[in-house]
Amino acid sequence: MIQFTDVVKSYEQGNRALNGVSMQIEDGEFCFLVGPSGSGKSTIIKLITGELRPTSGAVHVNGYSLERIRKREIPYLRRTVGTVFQDYRLIDKMTVYQNVAFAMRVVGAKEKEIKERVPYVLELVGLENKMNRHPNEMSGGEQQRLAIARALVNNPSTIIADEPTGNLDPERAFEIMALLQEINNLGTTLLVVTHAQNLVNVFHKRVIAINEGLVVSDGEEEGYSHEAE
Amino acid sequence: MKLNNLGYLLKEGFRGIFLHGFMSFAAVCVTVACLVIVGSFSALAYNLDVMVEDLNKTSEILVLIDSDLSDAEARSIGTKINLLDNVLQATFVSREEALEDFVNDHNGDSAFNGVQASDLRHRYVVTLEDNTKMQETDQQLKQIPGVAKTDAAYELAEGFSTIQSVLHLVSIAIIAVLLVVSLLIISNTVKLAMYDRKDEIAIMKMVGATNGFIRLPFVVEGFTLGMTGAVLAFGLEWAGYDALVQKVEGIDALQLFHFVDFQEILLPLVAIFAAAGMFVGIVGSWTSIRKFMDV
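Residue numbers (our numbering), protein chains in the order written: chain A, 1 to 229; chain B, 230 to 524.
By construction, these hints were calculated from the structure, which means they are not laboratory data.
Each hint should be verified, as a subset may be incorrect.
[Unchecked claim] One-sided and incomplete, this derived list gives chain A residues near chain B with beta-carbon spacing under 8 angstroms:
id, residue
1, Y88
2, I91
3, V107
4, N154
Note that the Cβ used here is the ideal one computed from N, Cα and C, for glycine as well.
Next up, chain A with everything else stripped away, as it sits in the complex:
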């Protein structure tokens, strides 16, 4: 579960990114986070992943209180939150298999577990036949699938996808969203940050709209448009 209670975040330069955000995302939910550039979306993601600490208020993520989390606990928090980015952030010199295995290896998984789990996850995202390819030999959609596989492989309870379709054409974008929906159906909480109004409208999920560091609307919004931002 992700819970923000009256969260304020000010940066050292004095900029206030969040002005008292309160929201709650239950386990197993699929939720969109929308808002214009500079509205505070990235700050929310950084607070969830422990890159930032709130200036005031409380942030609870999968049992961790982010306002008083100890530095050495942050890696364990991150193992419960898979992250997918618009620019994929893959390691080009590694193969598809190695990219996913790497994410398991760095959290201390045994080789036997890696050999069992990686093919399973690659099959789930439809890359089972491309295990030996390198990311730069694949299309954008395939690279994003690989990024999703890597986020999934350590079995996190939550996945945060930051503009996952930002670099993709509409067809591939729908495929990625369908894949995320499938993952959500398996029980993983999904928080998708996006500007893609068409996707938000098609998937009929809860939409949290944020503007100038405040939640301006929260609910399942058919016909969501940027005007709501």
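Given the coordinates of chain A, assemble chain B onto it according to the supplied hints.
Using the frame of chain A, we list chain B on its own:
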């Protein structure tokens, strides 16, 4: 960190060395150069210690007894000399023995045929526990009633002690500077390795790798560079030392200098090189990692 990752982490550490071959080579070369200089100064300081100690053993004060005193009175002064704190031993030399030594020293030169034992004085050859206090002890000896004169070459002993102290200070300063240089070079090599892999590190942090897991390959890399430098430097030091000793021993003018065998300083030097190699390797890499940890 789990043990089943240890092999992977070590492998990654070694991989880093070859990935930045030229920088690794430069780091090892600088470490070798620094450690050879450090080792040479340590060996020189040790040899000078040994030389000064030898000089302590051979340096002596000649105490000449008043010629008016009888044999028995002259011998009784030995008790007072031995009571002085810094006196290790006082050996009585009678006039007759002194004459015999004098004649022997001059190879029975006929020019000295007329010299009689009565022309000379009874004397004591005094060896000291601590030659740095030679001047002080010399003054005390002069205060003893019946002592006519003393002869002490304390300028030489003091000169060696001064050189020894200066060399110790210079060695410490040079060792400190060279350690810092080695630290910076290894630190930069590891920094380069980390910069090259900063995306990988960011991904590791993102998926929940602990700081220890991220650090270890870089520490292994730094440690290996430091220790490789130490081993090579030790070999060079050994070869260079033996060659220098052979050269010095072959020059008559340098007979005053007696160098100890390398075997005598082998263990302390191994300890110094290993500790320095480990220190520059681990500390050098550790300090460069910190910056990359705040992802």
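Status of each hint after checking the structure:
1. With a least beta-carbon distance of about 11 angstroms to chain B, the hint placing A/Y88 at the interface is violated under the 8 angstroms criterion.
2. Here the hint on A/I91 is kept, as its CB sits about 6 angstroms from the closest CB of chain B, short of 8 angstroms.
3. With its C-beta approaching chain B no nearer than about 5 angstroms, A/V107 sits inside the 8 angstroms limit, and its interface hint holds.
4. Residue-level restraint check for A/N154 holds (minimum Cβ-Cβ distance to chain B is 6 angstroms; threshold 8 angstroms).
Checked against the numbered hints given earlier, this structure breaks only hint 1.
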